[in-house]
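Chemist: Chains as they are written, first to last, in this note's numbering: chain A, 1 to 109; chain B, 1 to 116.
Source of the hints: derived by calculation from the structure; they are not laboratory data. There may be inaccurate statements among the hints.
[As the list claims (entries may be wrong)] SDA-like cross-link-like pairs, simulated, lysine to any residue; straight-line CA separation at most 25 Å: (1) B:Lys-104 x A:Leu-13; (2) A:Lys-42 x B:Thr-78; (3) A:Lys-42 x B:Ser-53; (4) B:Lys-104 x A:Glu-15; (5) A:Lys-63 x A:Val-27; (6) B:Lys-104 x A:Gly-16.
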Amino acid sequence: EDQVTQSPEALRLQEGESSSLNCSYTVSGLRGLFWYRQDPGKGPEFLFTLYSAGEEKEKERLKATLTKKESFLHITAPKPEDSATYLCAVDGSARQLTFGSGTQLTVLP
Amino acid sequence: GAGVSQSPSNKVTEKGKDVELRCDPISGHTALYWYRQSLGQGLEFLIYFQGNSAPDKSGLPSDRFSAERTGGSVSTLTIQRTQQEDSAVYLCASSLEGGQGGFKQYFGPGTRLTVT
């Protein structure tokens, strides 16, 4: 059974204070690891897909990295508009995504 | 282009009533998924449709839940004899199956179901 654990559950940062979110996973045959952003009252919005260990992807202030056991979402110099819940999911043995419970990020001005 | 749409956006129903939730996927997407998100929880997979294949119903929590997809496009999730524990946000997603895009899923805004 695929499993995804995200930490921390919640994170409060000052504007400009860089940090990282963690996603640990166990899966039999990773087909892809996904990061989504979810704002209150909205559906998840796709950010990145990573397919193999060592892969990195960047988008504005966000950078996602992948190892064989975990993925990190690095946030550099965050702004208040980066406040959201960040979800990690794996596409593994089943043909549907298994999601973690998310990290709720708050960036204070 | 248009994204995934869901209706209604909010639904309040009495315990024991049946409800139908609708999802319109992105045109051309062959795969369609339903998830449930309870307060403070991650997304829980419910059911998956791919083209004309038999759906993967492995995530449906009970036989009160069913879903169909007509003409390979619009999908309806039906919950019979609703219970209070069914209260959640029901999310629909669609994706292009296979290819380099993998299973990147595009989500709709969800339907918030409240069972009183």
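Chemist: Against the 25 Å threshold, does the CA-CA distance of Lys-63 of chain A and Val-27 of chain A hold or violate the hint?
Modeler: Since the Cα atoms of Lys-63 of chain A and Val-27 of chain A sit roughly 22 Å apart, the hinted pair holds (cutoff 25 Å).
Chemist: Taken at face value, is the distance from the CA of Ser-53 of chain B to the CA of Lys-42 of chain A at most 25 Å?
Modeler: 30 Å, violated
Chemist: Can the restraint linking Lys-104 of chain B and Gly-16 of chain A be considered satisfied, given a maximum Cα separation of 25 Å?
Modeler: Distance of about 30 Å is beyond 25 Å: violated.
Chemist: With the threshold set at 25 Å, check whether the alpha-carbon distance from Lys-104 of chain B to Leu-13 of chain A stays at or below it.
Modeler: 29 Å, violated
Chemist: Within a Cα-Cα threshold of 25 Å, do Lys-104 of chain B and Glu-15 of chain A meet the stated pairing?
Modeler: With Cα atoms ~30 Å apart, Lys-104 of chain B and Glu-15 of chain A exceed 25 Å; violated.
Chemist: Given the hinted pair Lys-42 of chain A and Thr-78 of chain B, is their alpha-carbon gap at most 25 Å?
Modeler: 21 Å, holds
When each numbered hint is compared with the structure, violations occur for hints 1, 3, 4, 6.
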